[in-house]
Amino acid sequence: MGQGSRARILIGKAGLDGHDRGVKIVARALRDAGFEVIYTGLHNTPEAIVETALQEDVDALGLSILSGAHNYIFPEVIRLLEERGMGGVTVFGGGIIPKEDVEYLKTKGVKAIFEPGASTDEIINWVRENVVPKAL
Amino acid sequence: MSVDESVTERLRKARDDWEKEYDSTGKRDADYTTISGMEVPPLLTPLDLNNFDYDGKLGFPGSYPYTRGIHSTMYRGRLWTMRQFAGFGTPEDTNRRFKYLMEHGQTGLSTAFDMPTLMGYDSDHERSRGEVGKEGVSVSSLADMEVLFDGIDLEKVTTSMTINCSASIIFAMYLVMAEKKGVSWRKLRGTLQNDMLKEFIAQREWISPPEPSVKLTVDIIEFCAEEVPQWHPVSVSGYHIREAGSTAVQELAFTLADGIAYVEEGVKRGLEVDDFAPRLSFFFNVHNDFLEEIAKYRAARRMWAKIMRGRFGAKSPKSLMLKTHAQTAGASLTAQQPINNVARVTIQALAAVLGGTQSLHTNSMDETLALPTEESVTVALRTQQIIAEESGIANTIDPFGGSYLMESLTDRIEKEAFDYINKIDEMGGIFRAIETGYPQKEIADAAYKYQRELDTGLKTIVGVNKYNTEGEVTIPTLKIEEMVETGQIEKLRELKRKRNNKAVRERLSDIVTAARSGENLMPSIINAVREYATLGEICDIFREVYGVYRDPGYF
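Residue numbers (the numbering used here), protein chains in the order written: chain W, 48 to 183; chain A, 1282 to 1836.
Be aware that one or more of the hints could be misleading.
[To be verified] Here are the simulated BS3-like cross-link-like pairs (lysine-lysine), alpha carbons at most 30 angstroms apart as the crow flies:
(1) A/Lys1760 <-> W/Lys153
(2) W/Lys146 <-> A/Lys1696
(3) W/Lys158 <-> A/Lys1730
(4) A/Lys1777 <-> A/Lys1722
(5) A/Lys1461 <-> A/Lys1496
(6) A/Lys1696 <-> A/Lys1722
(7) A/Lys1722 <-> W/Lys155
(8) A/Lys1599 <-> A/Lys1696
(9) W/Lys146 <-> A/Lys1760
(10) W/Lys158 <-> A/Lys1461
(11) A/Lys1338 <-> A/Lys1496
(12) W/Lys158 <-> A/Lys1599
(13) W/Lys146 <-> A/Lys1730
For the record, the hints were derived by calculation from the structure and aren't laboratory data.
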């Protein structure tokens, strides 16, 4: 993969929960797999996440939520992305998210939700197949 | 040659014969390390514990160095406290769950608060959107606390509260609630988690930077020493360190390093070590690797006794005893084939009991999907009752004591954990180590290594990377309705209209004055919550006076 074709991915924690074991593993695995990864750190508002996505001009945004606030945060982030003209950013995520909520979030524009037990290879392969870096 | 020497000689020869046989025989192609990556030998014999110093290493239960347990009678005197962590939705919801658990034989309460309460925001704050009552119970004011413990006899029950950066406020609410029920503070028994150092290392719920955060922790230690003498003001916690992905040794080492720092801070405050150390308690994880976990609990007690005596000159036996709560490992549960989690929890709970814990929470099989349902929490509680009353292991004290492998593992874990503690000392202590990100990085590295071991199949999780089945088994899970949030917001707004707002403003301004002067904040916080000042209002003062900590965000 050439330098110019590396997808830029923002990995984010939104909301108040501090569970960052999984998100840091995913960020590291994606970086090791050759993607450009930016990690927001903990406790961000949807506004702050979207602002970072805009500043960093990312191709994809992966959110980790283990606080039960996913049905609020994902749709809010997607709404703000669209409002700021970034509707093309691929949104995916993971965390403690019940099956029926996964279906709901997909109708709201989340492209994939990785559940507990997902392997890093599964996530890397999905990103390779579904995230298209912007042409330079 | 003496008789002993000839016996040893015979044994050595027999061992060599066995070894030859072992080396020349095929073995399963499996990983023979613990979940933390520690090599485990195939067999140990008396030769490996040559000159074992029974007195120095084990002693007797209830005596230094407490390896075999902190009480002379252990579970013959009293079983461990069965304490299920519970909290969700409104204070009314959680109050019902508390009563349900007690009716089913639970012997202590343990409160889980929601993320806004843990992070110091009221339910009506913008940052609380979508989170109210989701991961625990929502408590913004004394009014919520009064409902939470309605109809519960505070003189009879011990209450544990998992609360950290806002612990001073929640504790103040508990004290005022008790006072209004006519229960003397001197009779209250329970535990506040109140361990801010592990927040920066692992659990990651904070308001202000480490130093002012720990200042509040020590305020509570000092206040309890004088006013609430039967309370445990801190539960030094390894649980979250392990959940964040550490090894067993790291969990033990970083937790004891945090404990050392609290004792140092208490002494700096002018307290006598034996006046507050007896009230410190601990909280460890109990994971899947059965033998490693039992060894970890035994090593923890021995290490703390040595630290308290050697480093701090503590004299009271109670200062030397490491009392601990245990919780089965949340991160070990699988969303796939969730009923298998009952087996995992059973193995973990057995290890905690064989490790000599004082209280235990067993996770429910559905906790990797949501907060537990009443049915699943009942199975978890029944698991403890089966261990206590059917398995027979509570009949005797430290049954693994003297096992060649157990003693050797206990020694190794102790040694490796002390190596970490020495390294942290060389760095200038745990505050400095946290500042440089050292424990955080060690844990993240261990977590990443373990994940890679799962991804490559070196380590197994049944139902996840091996023995997967087509077609998911689904179990019912608990849903928290969105009405909880709107209801809590409405209640809070009404409270803010009805209370004496002039008195609230005055009491809040007293906290500001106390915070700026550096004095103990507990008295002024208690006075403010008595007037129904809210958790968020008081945490706003912390944010203003002490500043806000931001996650450095390394990965």
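Verification of the supplied hints:
1. A/Lys1760 <-> W/Lys153: holds (19 angstroms)
2. W/Lys146 <-> A/Lys1696: violated (45 angstroms)
3. W/Lys158 <-> A/Lys1730: Between W/Lys158 and A/Lys1730 the Cα gap is close to 28 angstroms, so the pair holds against 30 angstroms.
4. A/Lys1777 <-> A/Lys1722: violated (44 angstroms)
5. A/Lys1461 <-> A/Lys1496: It holds: about 28 angstroms lies between the C-alpha atoms, which stays within 30 angstroms.
6. A/Lys1696 <-> A/Lys1722: holds (21 angstroms)
7. A/Lys1722 <-> W/Lys155: Measuring from Cα to Cα gives roughly 36 angstroms; hence the hint is violated.
8. A/Lys1599 <-> A/Lys1696: Holds, at about 24 angstroms.
9. W/Lys146 <-> A/Lys1760: holds (12 angstroms)
10. W/Lys158 <-> A/Lys1461: violated (53 angstroms)
11. A/Lys1338 <-> A/Lys1496: violated (36 angstroms)
12. W/Lys158 <-> A/Lys1599: violated (56 angstroms)
13. W/Lys146 <-> A/Lys1730: holds (29 angstroms)
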